[in-house]
Structures are given as structure tokens and as C-alpha cells.
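So the sequences go chain by chain: Y and Z. Reminder that position 167 of the first sequence reads as 167 in the UniProt record's numbering, one-by-one numbering, no gaps. Reminder that position 141 of the second sequence reads as 141 in the UniProt record's numbering, one-by-one numbering, no gaps.
The set of hints was computed from the structure by calculation and includes no laboratory data. Just so you know, not all the hints are guaranteed correct.
Stated by the list, open to error - Computed list of lysine-lysine pairs in PhoX-like fashion (alpha-carbon distance at most 20 Å, straight line):
| hint | chain 1 | residue 1 | chain 2 | residue 2 |
| --- | --- | --- | --- | --- |
| 1 | Z | K121 | Y | K19 |
| 2 | Y | K20 | Z | K122 |
| 3 | Y | K20 | Z | K66 |
| 4 | Z | K122 | Y | K19 |
Stated by the list, open to error - In silico negatives: residues of chain Y with every beta carbon more than 10 Å from chain Z:
| hint | residue |
| --- | --- |
| 5 | T87 |
| 6 | Q149 |
| 7 | P253 |
| 8 | D266 |
Note that CB positions come from ideal geometry on N, CA and C, so glycine has one too.
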Amino acid sequence: MSALGELGSLRGKKPAGQKKDNLAGYLFLAPWLLGLFLITIGPMVASLYLSFTDYNLIQAPQWIGLENFTRMLSDERLHNSLRVTFTYVFVSVPLQLAIALLLAVVLDRGVRGMAFYRSVFYLPSLLGSSVAIAILWRQVFGTTGLLNQVLDVFGIEGKGWISDPSTALGTLVVLNVWTFGSPMVIFLAGLRQIPTMYYEAASVDGAGVLRRFFSITLPLLTPILFFNLVLQIIHAFQSFTQAFVVSGGSGGPSDSTMFFTLYLYDRGFGNFDMGYASAMAWFLLVIIGVFTAANFFASKYWVFYDD
Amino acid sequence: MTTETLQRSVTARRTAPVTWSRIRPLVIHVLLAGSALVMLYPVIWMVVSSLRPGNEIFRDPGILIKDLRIENYRVGWHALTEPFTRYLLNSAVVVLGSILGNLVSCSMAAYAFARLEFAGKKFWFAIMLLSIMLPIHVVIVPQYILFSNLGWINTVLPLIVPKLLATDAFFVFLMVQFIRGIPRELDEAARIDGCGKASIFGRIILPLMVPALATTTIFTFIWTWNDFFSQLIYLTDPHMYTVPVALRSFVDSTSSSSWGSMFAMSVVSLVPVFLAFLLGQRFLIKGIATTGIK
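Produce the complete structure using the sequences and hints provided.
If you want it as C-alpha cells, here you go:
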């Protein structure tokens with residue numbers, strides 16, 4: 001059962017018949033609780049406070065009310081970074097999930113060597129977040145990079161995919177799609193839960209491959225699809241490393257790969273404008289929260305729960 | 001006559017699907033192997049290119065080595081202010097500390113959530129699940145302020161201490177899931193034999209949850225090894241650089257002429273991840289399938 005499923009089913013659970021032992025419970029929980037307050041909730045409250053201040057790490061924070069937020073309204077670079085981030089999220093996540101689902105369905109049909117293919121397709125998910133792969137991407141999509149060399153073999157003239165503002169973001173989308181392995185593994189686990197009996201019955205009734213996919217597989221897989229969708233969207237909104245390294249830390253060319261997180265880093269740790277960075281961080285949390293909530297809301301209309 | 005044609009039409013009908021069903025797996029294999037190759041080709045090519053002389057990176061898209069050289073590795077190893085050994089050691093310290101922290105703190109919290117009854121348990125459990133989804137950016141600025149006031153910038157402490165306090169809640173959840181699968185009768189039997197909660201944890205639960213601990217170890221290893229954002233922020237002194245931060249500074253400081261050595265060091269940085277993947281893929285895939293994150 002997934003973390004999201006857990007969250008949904010929390011209300012329904014009955015407490016076990018065991019006697020309460022608060023001392024033991026809280027002792028075992030102590031490190032986590034300490035971390036929760038010192039490393040997570042404390043800083044969250046602090047950053048909420050800082051978002052209403054002007055703070056450069058040297059002088060004490062100065063209360064400026066809503067100024068950071070009104071500044072965000074007229075900050076063109078911030079608006080651009082939102083556009084870039086939204087494009088990235090809403091292009092790469094559906095593509096990534098579609099490919100993950102397609103390959104999971106193909107692999108699930110008892111292909112010989114399934115474990116091998118699963119491993120090979122999964123590997124990029126582990127490598128994808130590394131600086132080394134981002135460096136590789138810089139080369140592959142560079143003017144004299146691997147892609148253009150291969151295109152050259154076929155007589156096609158390439159271009160500087162990363163130096164051209166109209167394609168730079170596309171190379172990052174490709175990189176995110178490349179890591180479709182982990183949602184694929186989750187899909188595979190979900191496919192295994194579907195009773196083969198359903199497929200046999202459908203075959204007897206004369207349903208073809210496509211019909212079986214759309215009438216059985218897809219509806220029964222919607223909870224997993226939903227789960228993958230929520231997580232990958234949350235994940236994609238927070239992407240940082242790849243854009244940072246591929247663009248050489250600038251978010252360029254012409255801010256075309258300036259993710260929201262890159263701009264946040266630039267404000268906070270490049271310019272030590274900590275108040276503004278905090279306000280941006282809370283804005284990001286609200287955006288992610290809104291999209292997750294919208295996802296949960298919409299799920300009532302398309303996610304199918306068998307039980 | 002009639003029986004013969006009937007016979008023939010039956011065999012004809014039978015052979016048609018037989019040939020397709022014989023070809024189909026082949027077609028699928030070709031497609032799968034083809035897409036696998038396309039996916040991994042750039043990585044394979046990077047490894048090959050790192051073993052080639054100089055600027056062949058910009059000329060040869062193939063993966064055959066005519067002239068094997070390890071020069072790029074020798075040059076790359078000493079291209080930055082410190083030898084690469086230093087960065088590998090720094091990364092190793094962060095990774096080992098993180099693994100140790102996650103194993104101890106997350107297993108304790110997981111035991112409390114999965115087996116103990118205490119006031120407010122459901123509430124804390126919900127908070128724990130929510131914290132998995134919290135973006136690091138929301139807390140990074142005040143955390144940075146906190147750690148810099150403690151004088152921890154350019155030490156490994158900001159990277160390890162949070163793990164000792166179970167902030168990677170994902171692993172708490174993974175372990176909770178696992179402990180729930182261990183029969184409660186074992187706890188009961190141990191309790192009747194006079195074991196307290198701590199020794200049930202130490203003698204029954206921990207030994208039985210080794211697969212979950214292995215999954216945690218491998219994921220922590222790979223994620224921490226690859227982690228860039230927090231290491232970039234907390235480690236600004238070149239002596240303290242970890243592998244990802246060092247690689248990044250390589251990008252900044254080099255011209256196109258040293259792509260070979262940059263590739264070589266990139267390959268070096270990927271080797272541990274690849275080994276962890278080979279040794280632990282069983283645990284990785286199981287971990288992903290049961291908790292489904294990342």
C-alpha cells in the first residue's frame with residue numbers, strides 16, 4: 001500500500017487491543033520528533049516569518065510586511081521561471097508516465113528476460129539525478145555533441161540544442177522522460193495485482209488487445225496511475241540539479257531553463273536575499289499543495305477503486 | 001477428398017497463428033532491446049569516450065575503441081585543486097554517516113509506528129506521511145541560517161545530523177510497511193519470555209527486518225551520493241567538496257579541451273552507483289514497488 005493510500009485510509013483504522021505505553025512510544029519516536037521540530041517545523045515557521053522580512057544574513061531581519069509578495073507580483077523573471085517550470089512539469093510528467101505505462105504493459109505479458117529489461121529500463125532512474133549525467137547531457141545536446149554527430153551520419157545538420165533558448169528546456173524534458181523506470185516498476189507491481197481471470201473472461205468474450213487494455217488494465221490501474229502522477233508532479237516541481245548543471249548555473253540561455261527552484265537559489269544563495277527567497281519557497285509550497293489537492297479532488301472522477 | 005480439404009484448412013488456420021505467435025516474441029524482443037540500447041547508448045558512449053585520446057569526443061559517435069588510453073583519468077584526477085581521492089573520501093564520509101543515521105533513527109521511529117500504542121500516534125503518523133512530500137526548498141533557508149550560526153558550514157554535519165534525526169521520512173514509511181508484515185505472535189512470544197519493548201525491537205524486529213534495512217542502505221547510498229542541492233549549499237570550501245560539487249566546479253573551470261577528463265571523472269562518480277545497483281537491485285525494485293517513491 002502506498003503512502004498516499006495510507007493517508008486516505010487513516011481515519012478508518014481501529015486501534016489495536018494493546019495497552020498504551022506512552023513512555024516507550026515516545027522514546028522510540030524521540031529522534032524523529034526532535035528532527036521534526038528542529039529540522040522541519042521550526043525552519044518552516046522561521047521561513048514563514050522571514051518571508052515578511054528583508055534579510056541578508058548579516059543585518060537582523062527587518063519586518064516589511066507583504067512587500068516580498070507584492071514584489072513577486074511584478075517580478076518578470078519570477079513569472080518567466082513559473083512558465084518554464086509549468087511547461088517542464090506538464091510536458092515531461094505525462095510523457096514519462098505514458099512511456100512507463102506502455103513498457104510496463106509490454107513487460108507484464110510474460111516476456112522472457114523480463115527481469116533483465118526491467119533492470120535496464122530502471123537504471124536511468126538511479127543515474128538521472130546525478131551531476132555526471134547532467135554533464136553528459138551538456139555534451140550530447142551540445143553543438144558538436146553526440147546527437148549532432150549521429151544526425152550528421154544521416155546527413156542531417158543539427159544545431160546547438162542547449163544554446164538555443166527554444167530547445168534548451170526540451171533537453172531537460174528528455175532527461176526527465178529518460179528516468180521513466182521507477183514509475184514503470186510501480187506500474188509493473190500494480191499490473192501483477194490484476195487477476196488473470198479478468199483477461200481470460202474478456203478473451204472468451206472476444207475482446208482484442210486494445211479493448212482489454214482500455215476496459216480492464218487501465219481502469220484497474222488508475223489508483224497506481226494517480227499515485228505516480230501525484231508523486232512525479234511534486235518531484236518535477238522541485239527539479240534543480242539538471243537545469244543547474246546543464247545551464248552552467250545560470251538558467252540560461254535567456255532564462256529559458258530558469259526553473260523556479262533555480263531562481264530561488266539565485267535569490268537566496270546567489271544574492272543573499274533570504275527574505276525574498278523564503279517568500280518564494282512558501283509560494284512553491286502553496287503551488288505544489290494546490291496541484292496535489294486538485295489532483296485528489298479530480299481523482300474522484302477518474303480513479304477507480306476496486307474494493 | 002472432402003476430409004482432406006477440411007484437414008488442410010484446419011492446418012492452415014492453425015499454422016497462421018503459430019507463425020505469428022512465433023514471430024511476436026521476437027518482434028517484442030527487438031523493440032525492447034532497441035529501446036534499451038537507445039536509452040543507454042549515451043552512457044555507454046561516455047564510458048568509451050573517456051577511454052579515448054583527446055578530442056575524439058567531438059568526432060566519433062561510435063562505441064569502438066581503436067586506441068585505448070587512460071590519460072583522461074590521470075589528468076582528470078588532478079585537474080582540480082585537490083586530487084579526486086579527496087572528493088571521493090568526502091562523499092564517502094557523508095554517505096556512511098547518512099546510512100548509519102537513517103538505519104538507526106528510521107528503524108526506531110518505524111518500530112514505534114508499527115508496533116507500539118501511544119497517545120497521538122495517528123496524528124504523528126499523518127504528519128510523518130505529509131513530511132515525505134514537503135519540498136526541501138521551504139526549509140532550506142532557515143536551516144542554512146541555523147547551521148551557519150552553529151558554525152557547521154563547510155563541515156559534513158548539516159548533511160548527516162538531519163539523517164540521525166530521521167528526516168528522510170520515506171524510509172520510516174518503508175520500514176513501517178515491512179514491520180507490519182512480521183507476525184505479531186513473535187512479539188507476543190518474546191514478551192511472554194520476559195522481553196521488554198527495547199529487547200523485542202533489538203532481538204526480534206531488527207534481525208527480521210534486514211531486507212528493509214538493506215533497501216534503506218542502498219537507497220540512502222545512491223541518493224546521498226547523487227545529492228547535489230544541499231551539498232552545493234553547505235560545502236563551499238574546495239577542500240570539503242564532495243564528488244557532485246567537485247564535478248560541477250569542473251564544468252565551470254574548464255574549456256572544451258578537457259571534456260575527456262571531465263567525462264572520465266563523471267564515469268568515476270557513476271561507478272559506485274552502478275555497483276550499488278548491481279548488488280542491490282532486488283532490494284531497490286522491491287522497495288520501489290512496496291512504497292513507490294522516486
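Hints, verified against the model:
1. Note on Z/K121 and Y/K19: the hinted pairing holds, with a Cα-Cα distance of about 13 Å set against a maximum of 20 Å.
2. Restraint check for Y/K20 and Z/K122: satisfied, since their Cα atoms lie roughly 13 Å apart, inside the 20 Å limit.
3. Our distance criterion of 20 Å between C-alpha atoms is broken by Y/K20 and Z/K66, whose separation comes to about 71 Å.
4. The hinted pair formed by Z/K122 and Y/K19 meets the criterion: a straight-line CA distance of about 15 Å does not exceed 20 Å.
5. Against chain Z, the non-interface label of Y/T87 holds: every CB pair exceeds 10 Å, the least being about 19 Å.
6. The claim that Y/Q149 is not at the interface with chain Z is violated, since a C-beta of that chain comes within 10 Å of its own (minimum 4 Å).
7. Listed as outside the interface, Y/P253 is consistent with that label: its C-beta sits roughly 16 Å from the nearest C-beta of chain Z, beyond the 10 Å cut-off.
8. The Cβ of Y/D266 sits about 12 Å from the closest Cβ of chain Z, beyond the 10 Å cut-off, so the non-interface label holds.
Violated hints for the displayed structure, listed by number in ascending order: 3, 6.
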